[in-house]
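Top line first, the protein sequences correspond to chains A and B. Residue numbering for the first sequence follows the working numbering, beginning at 2 and increasing consecutively. Residue numbering for the second sequence follows the working numbering, beginning at 31 and increasing consecutively.
FYI, nobody ran anything at the bench for these hints, they're computed from the structure. Glycine included, C-beta positions come from ideal geometry on N, C-alpha and C. Check each hint, because a few of them may be wrong.
[To be verified] Once the Cα atoms are required to be at most 25 Å apart in a straight line, the calculated BS3-like pairs of lysine-lysine come out as: (1) B:Lys312 - B:Lys345; (2) B:Lys105 - B:Lys321; (3) B:Lys312 - B:Lys119; (4) B:Lys321 - A:Lys169; (5) B:Lys119 - A:Lys169; (6) A:Lys169 - B:Lys287; (7) B:Lys119 - B:Lys321; (8) A:Lys113 - B:Lys312; (9) A:Lys113 - B:Lys345; (10) B:Lys105 - B:Lys119; (11) B:Lys105 - A:Lys169; (12) B:Lys345 - A:Lys169; (13) B:Lys155 - B:Lys188; (14) B:Lys312 - B:Lys105; (15) B:Lys287 - B:Lys119; (16) B:Lys345 - B:Lys287; (17) A:Lys113 - B:Lys321; (18) A:Lys113 - A:Lys169; (19) A:Lys169 - B:Lys312.
[Stated by the list, open to error] Restraint ranges, calculated between C-beta atoms of paired labels, are given here: (20) A:Ala29 - B:Asp206: 31 to 41 Å; (21) B:Arg208 - A:Thr30: 31 to 41 Å; (22) A:Leu102 - B:His191: 55 to 65 Å; (23) B:Asp128 - A:Arg25: 26 to 36 Å; (24) B:Gln81 - A:Leu176: 36 to 46 Å.
[Unchecked claim] Okay, the calculated bits of chain B under chain A, using three or more residues with CB under 8 Å as the criterion: (25) 116 to 130; (26) 315 to 325.
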Amino acid sequence: MGAGRFRSGSTLPAWLLAAAPLARLGWATVNDSLGANPVEALAHQTGLWSLRLLLLALAMTPLRRLTGWRWPLRVRRAFGVMAFVWALLHFAIYLVLDQGLDPVVVWEDVVKRPFITVGFTALVLLVPLAATSTDGMMRRLGGRWKRLHRLAYVVPVLAVLHFVWLVKADLREPLIYAAILALLLGLRLRWWLAGRPAASTIQTSSRL
Amino acid sequence: MLIRTPRRGDPEPSEITPEKLYRDRRRFIGASLASGMMALAGGGGAAPLPQPGARFVQVPRGAFGTDETPTPLEKVTRYNNFYEFGTGKGDPAVRARDFQPRPWTVTIDGEVERPGSFDLEDLLKPHAFEERIYRLRCVEGWSMVIPWIGFPLGNLLKRFHPTSRARYVEFTTLHDPRRMPGQRRGILDWPYVEGLRMDEAMHPLTILAVGLYDELLPNQNGAPLRLVVPWKYGFKSIKSIVRIRLVERQPETTWHKAAPEEYGFYSNVNPEVDHPRWSQRKERRIGELFKRPTLMFNGYADQVAHLYAGMDLRKYF
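Modelling step: build the complete structure from the supplied sequences, incorporating the hints.
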C-alpha cells in the first residue's frame, strides 16, 4: 500500500469515488437525517456499498474486454480494496452497536445463522485479497496471486446470499444484485467456454 | 371466555396514575359532563372520536402503562412496516398520504349472535377511549414505546355476543389495490389476515386503537382502526381492519402462510425462541444506540404468562 500506487495519478479518482458515499453517510449521521433507525441505515448502507464495489470491481475485466479501454484494469484494485473497507465498517457496526463487542454472541451468530455465516465468510475471504493487493505482493506471489484472487468471484456470491437471506419478503432489491452478479459471472463463463481449446490449458485462466 | 383472577390485571405500583394525571382526570370529567359526553360513554369516561384533522382532547390514561419515554411521534409515523403501502420503512408515510380512511365499514360476523356491518363511527360510539402507553416489539429486532388511544377489544366483542363455538378471532385488513398500492404486487397473500385465540382477544391488554399521541391514527399506522397486542410481535397487531370474524378454528394468518417455519400463529415476544434467521434476545429501541435485552412477553409476563401455562412455547412460537 505504498505511495507507488498513485505513481500515475490516474487511479485517484476511483479511490475517491469509492469513498465518496462515506462523506455523505457521515454528514447524514451528524445531521441525524438517516431516519428513525440510523444504526440500521448505516449497517445497510455500508453493506450495500461493499457489495456494489465488489460488483464494480468484477465489471472491470468485461468492460476492458468489450471496449478495449485500458483504464478499467487500473482502477479495479481501488474498487476491490474499498469494498473491503466498506465491509469492515459494516462488520464494525454489527460488532459494536448490535452485539456490544461480545465475542461469544458474535461467534454464536456466525455458526448458527446462515446469513451471518456467509457474510462473515465473505469478509474473512476479503482479508487475504486486500493484504495481497499491492504491486509488491503481486510480484512476489506471481502465478499464485491470480489463483488467490479468484476468490473475488466467490466473495460477491456470498455477499448476495447474505443479502437475500436477511430479507423478510420483498426480494426485489437483493435479486437485482444477484442478476448483475449472474451477468458478470455468466459473461466470464461464456468467454471461458468459447475460448477453451480442445485440451484445456492453464492459459484459459488468463481469459477470466 | 375465561374468568380472570382479578389480581393478574392489577396495575404495578409504578403504573398507578400520578397525582397530576389524577387531577387531569377530574378536569376531564368536568369537561365531559359539560359537553354531555358522559351519556354517550355509558358513564365510563369517554373521549369522543374527533373529526379527521382534529385532535383527541382529555383522553384518560388507562392501565398497564409504562414510564418509559414514548418514541417521538415523528419516528412512530416515519418508520413503519405496512406492506400495503410498500416494503420500505419510509414508504407508508409517503404512499399512504392520500389514503382516505373514511367512510369506513367494519363487518363483524362468524360465531356471534349479532353479526352485521357497521359504519366506523357507529361501531365506536359506545366505547370509552383511553390512552395506553405500550411497548411495541417488531419481529425484526427493533422496538418503540407508543401512546395509543383506543379501548379494549373485549368490550367490543362482548357487544356482539360470541357464541359458545367462538374460539378464535380472525381480523382482515382492507383489500383495495387502488387505494393500497403495495397490494398490486403479490409480496404477501392479500388481504392481510391475523388472528388471536379468544382468551387473548378478551385480555384487557388487547386493544383496538383509533389514535396515537393525541392524533387520529395516521394512515401509515393503520387508520382508521387497528389492533394492538403489546406482548406479541408487531405484525400480529393488524392495521386498517375491515372485518372481525369469530371462528371455531385457528385462522390461517398471512405471515404464517408466507413462511410457516419463521412466523407462528402465537408470535409472542420471547427472547428465548430465536427467529430461524436471527436472535430475538435483544432489540434496538428506536432512538437508542445500543441494543437492549428483550423481555419475556415484551415485559407483560405478569399479565399474560398464565394464558400459555403448560404450553411449549418453542413448539407454539
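Verification of the supplied hints:
1. B:Lys312 - B:Lys345: 21 Å, holds
2. B:Lys105 - B:Lys321: 17 Å, holds
3. B:Lys312 - B:Lys119: 20 Å, holds
4. B:Lys321 - A:Lys169: Cα-Cα ~21 Å, so holds.
5. B:Lys119 - A:Lys169: Holds. Lys119 of chain B to Lys169 of chain A sits at ~13 Å (cutoff 25 Å).
6. A:Lys169 - B:Lys287: 13 Å, holds
7. B:Lys119 - B:Lys321: 19 Å, holds
8. A:Lys113 - B:Lys312: Since the Cα atoms of Lys113 of chain A and Lys312 of chain B sit roughly 16 Å apart, the hinted pair holds (cutoff 25 Å).
9. A:Lys113 - B:Lys345: Cα-Cα ~19 Å, so holds.
10. B:Lys105 - B:Lys119: 11 Å, holds
11. B:Lys105 - A:Lys169: Satisfied, since the Cα-Cα distance of roughly 22 Å is no more than 25 Å.
12. B:Lys345 - A:Lys169: Holds, because 21 Å separates the two Cα atoms, which is no more than 25 Å.
13. B:Lys155 - B:Lys188: 15 Å, holds
14. B:Lys312 - B:Lys105: 20 Å, holds
15. B:Lys287 - B:Lys119: Roughly 22 Å separates the two Cα atoms, so the pair holds.
16. B:Lys345 - B:Lys287: Holds - the C-alpha atoms of Lys287 of chain B and Lys345 of chain B are around 17 Å apart, at most 25 Å.
17. A:Lys113 - B:Lys321: Between Lys113 of chain A and Lys321 of chain B the Cα gap is close to 20 Å, so the pair holds against 25 Å.
18. A:Lys113 - A:Lys169: 18 Å, holds
19. A:Lys169 - B:Lys312: Holds: Lys169 of chain A and Lys312 of chain B sit about 18 Å apart, inside 25 Å.
20. A:Ala29 - B:Asp206: 31 to 41 Å: 36 Å, holds
21. B:Arg208 - A:Thr30: 31 to 41 Å: 39 Å, holds
22. A:Leu102 - B:His191: 55 to 65 Å: Roughly 57 Å apart at Cβ, these two residues keep to the hinted range, so it holds.
23. B:Asp128 - A:Arg25: 26 to 36 Å: 31 Å, holds
24. B:Gln81 - A:Leu176: 36 to 46 Å: Holds: the Cβ-Cβ distance is about 45 Å, inside 36 to 46 Å.
25. 116 to 130: With 3 residues close enough to chain A, the hint holds.
26. 315 to 325: Since three or more residues must qualify, the claim that chain A covers the stretch 315 to 325 of chain B holds, with 5 doing so at under 8 Å.
Checked against the numbered hints listed earlier, the structure breaks none of them; every hint is satisfied.
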